[in-house]
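Colleague: What follows is the residue order along each chain.
Protein chains: 2
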Amino acid sequence: MAKLWTEPVTTALRADGLRVADIDTSATPGFLGGKQLGKSMLPERGEVLSVLQEKLFAHGRTGGNRRVLLILQGMDTAGKGGIVRHVIGSVDPQGVDHASFGVPTEEERAHDFLWRIRKRLPTAGQLGVFDRSHYEDVLVVRVHGLVPQSEWEQRYDLINAFEKEVADSGTTIVKVAMFVSLDEQKRRLRARLERPDKYWKFNPADITERAFWPEYQKAYQAVLDRTNTDYAPWYVLPADQKWYSRLAVTELLIDALTGLNLDWPGANFDVAEQLRLLDQS
Amino acid sequence: MAKLWTEPVTTALRADGLRVADIDTSATPGFLGGKQLGKSMLPERGEVLSVLQEKLFAHGRTGGNRRVLLILQGMDTAGKGGIVRHVIGSVDPQGVDHASFGVPTEEERAHDFLWRIRKRLPTAGQLGVFDRSHYEDVLVVRVHGLVPQSEWEQRYDLINAFEKEVADSGTTIVKVAMFVSLDEQKRRLRARLERPDKYWKFNPADITERAFWPEYQKAYQAVLDRTNTDYAPWYVLPADQKWYSRLAVTELLIDALTGLNLDWPGANFDVAEQLRLLDQS
Chain S
40 MAKLWTEPVT
50 TALRADGLRV
60 ADIDTSATPG
70 FLGGKQLGKS
80 MLPERGEVLS
90 VLQEKLFAHG
100 RTGGNRRVLL
110 ILQGMDTAGK
120 GGIVRHVIGS
130 VDPQGVDHAS
140 FGVPTEEERA
150 HDFLWRIRKR
160 LPTAGQLGVF
170 DRSHYEDVLV
180 VRVHGLVPQS
190 EWEQRYDLIN
200 AFEKEVADSG
210 TTIVKVAMFV
220 SLDEQKRRLR
230 ARLERPDKYW
240 KFNPADITER
250 AFWPEYQKAY
260 QAVLDRTNTD
270 YAPWYVLPAD
280 QKWYSRLAVT
290 ELLIDALTGL
300 NLDWPGANFD
310 VAEQLRLLDQ
320 S
Chain Y
40 MAKLWTEPVT
50 TALRADGLRV
60 ADIDTSATPG
70 FLGGKQLGKS
80 MLPERGEVLS
90 VLQEKLFAHG
100 RTGGNRRVLL
110 ILQGMDTAGK
120 GGIVRHVIGS
130 VDPQGVDHAS
140 FGVPTEEERA
150 HDFLWRIRKR
160 LPTAGQLGVF
170 DRSHYEDVLV
180 VRVHGLVPQS
190 EWEQRYDLIN
200 AFEKEVADSG
210 TTIVKVAMFV
220 SLDEQKRRLR
230 ARLERPDKYW
240 KFNPADITER
250 AFWPEYQKAY
260 QAVLDRTNTD
270 YAPWYVLPAD
280 QKWYSRLAVT
290 ELLIDALTGL
300 NLDWPGANFD
310 VAEQLRLLDQ
320 S
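Sequence lines, in order, name chains S and Y. In terms of this note's numbering, the first sequence opens at residue 40 and continues consecutively. In terms of this note's numbering, the second sequence opens at residue 40 and continues consecutively.
Among these hints, one or two may not hold up.
Identical copies look the same in the list; a pair holds intra-copy or inter-copy alike.
Quick list of in silico lysine-lysine cross-link-like pairs, DSBU-like style, CA-CA up to 35 Å [unchecked claim]:
#1 K225 to K203
#2 K240 to K225
#3 K42 to K158
#4 K42 to K237
#5 K158 to K257
#6 K74 to K158
#7 K74 to K225
#8 K237 to K203
#9 K240 to K42
#10 K281 to K78
Source of the hints: derived by calculation from the structure; they are not laboratory data. Predicted, not measured: the structure shown is a model, and the values here were computed from it.
Taking the hints into account, I'd like the entire structure generated from these sequences.
Modeller: Now the structure itself:
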């Protein structure tokens, strides 16, 4: 088979030193195959992911403590939902802890910003998925000044400390920031307004938020500059091309799970004896 | 297309008056198509289910309050996990609330038996899936006398009252009891012992539990006799043939969702105006 990637996706998307303003949102970093091949590869790579996820789940069921947490961030229409449906949808729902973080409820606002996040951390053996996350507390909150700067400024360090703690407890953290262009966002929003079966995905605020694009870019830059760590690295994902986004996140998860070096758990019972007992039963 | 079902699956599997001892676990009630066709139909029926589930989800996102809860019960190896993977796996993970109920933790035991169940009820727009449930508290608990009879005897009424409350709050409850034969269970347990990638699914207690088969049948009979209600009906699923189980549960969910009569939510904004604003943005 011809070489499909010029470099591992983890290298191609790594955020180190990257300027948000420089992102080519239509690019397909590292991938040589093009759209048709990229799309056609998704099911088979999803199958690889599914087997790795089942091993993680099997370990969780037999006393293992490892977990994987995928954190998805991105502007409206960046395709977070599509990742959940088309990438996470390829693995067994039993092994998925999915959490979506919207505008905080009154109860959530009454607590520290990480309170609601902690409650949804994946348990042993699970693949956790955060559709938005604690990063909203330094993105929308910062852009709209929902708390004073003195407060959100502290959060970068709080987030790093929190993620360190989560990583140290056995969770592999994979953070993906999805970027679409302002034009591509316009096309996607228009599609929602042109199809009655998509109206429910549309919110008039999605349009007013577009005026804050430069502020969001600045807020994302701060996130990448201040929370891109060895224990919880950011990957920057050009997301204009959905097939690439989905393939790339699949590869990121395959990489994370492969890195756990999990084989099927061994029997903690005498197989021959159990076969004998079974025959007699 | 030739007629594939002699009657709706909801009728074919309805538990009314059924004797557990009479169940033909290898049957395929109502379905005329046979294995090959049944298997080949699953992806397309899964797609139908997926669209219906997305409508439920869309309503949940736009103020709707409906939910669907699938409760799966069955002896070890009956195929509950396969239903989750192959039926629930066909819908968007965003819209699924999956909960698996094992041996209660110390904290759970310190509470009423419904406490841990209530915490996992699906939220608005979600398809909830319980892999085991509060029925364990009148099945394994009854069979092994884990609480006095005076206590488990009360639970049937408590369960009915609880499910009435859940149904009245907008949740369509679909309860599925899966039955395999003792021989088929033996085959499936042997398969787990013969494949190292399946060891993790095996528990020596699965064999010792086989000695309690008659007691379990009695306990299941009591469940069907005493908790089969209009607002939370039981469906009895012969589960020796996995393809049939999966197809039948898919059809049960399609029926439940179709019964909600949900169309795509209408726009709660002026579409033309939003299109104009979008163009200017």
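Colleague: My question is about K158 and K257: at a cut-off of 35 Å on alpha-carbon distance, are they close within one copy, between copies, both, or neither?
Modeller: Classified as within: same-chain Cα gap 29 Å, cross-chain 40 Å, threshold 35 Å.
Colleague: How would you label the pair K74, K225 (within, between, both, or neither) given a Cα cut-off of 35 Å?
Modeller: For K74 and K225, the Cα distance is within 35 Å only inside one copy (22 Å; across copies 48 Å).
Colleague: Cα distance capped at 35 Å. Does K240 pair with K42 within a copy, between copies, both, or neither?
Modeller: Result: close neither inside a copy nor across copies, 38 Å intra and 37 Å inter.
Colleague: When no copy is specified for K42 and K237, does a C-alpha distance of 35 Å or less occur within a copy, between copies, both, or neither?
Modeller: Cα proximity of K42 and K237: across copies only (34 Å, versus 38 Å in one copy).
Colleague: Tell me, please, which holds for K225 and K203 at an alpha-carbon limit of 35 Å: within, between, both or neither?
Modeller: Neither. Shortest intra-copy (37 Å) and inter-copy (46 Å) distances fail the 35 Å Cα cut-off.
Colleague: Is it within a copy, between copies, both, or neither that the alpha carbon of K281 lies no farther than 35 Å from that of K78?
Modeller: Classified as both; 9 Å inside a copy, 30 Å across copies.
Colleague: At most 35 Å between alpha carbons: which applies to K240 and K225, within, between, both or neither?
Modeller: The answer is within: 14 Å in one copy meets 35 Å, while 49 Å across copies does not.
Colleague: Within a copy, between copies, both or neither: where do K42 and K158 come within 35 Å Cα-Cα?
Modeller: neither (42 Å within a copy, 49 Å between copies)
Colleague: With identical chains treated as interchangeable, where does the CA-CA distance between K74 and K158 reach 35 Å or less: within a copy, between copies, both, or neither?
Modeller: neither (39 Å within a copy, 44 Å between copies)
Colleague: With identical chains treated as interchangeable, where does the CA-CA distance between K237 and K203 reach 35 Å or less: within a copy, between copies, both, or neither?
Modeller: between (39 Å within a copy, 34 Å between copies)
Consistency with the previously given hints fails for numbers 1, 3, 6 and 9, ordered from lowest to highest.
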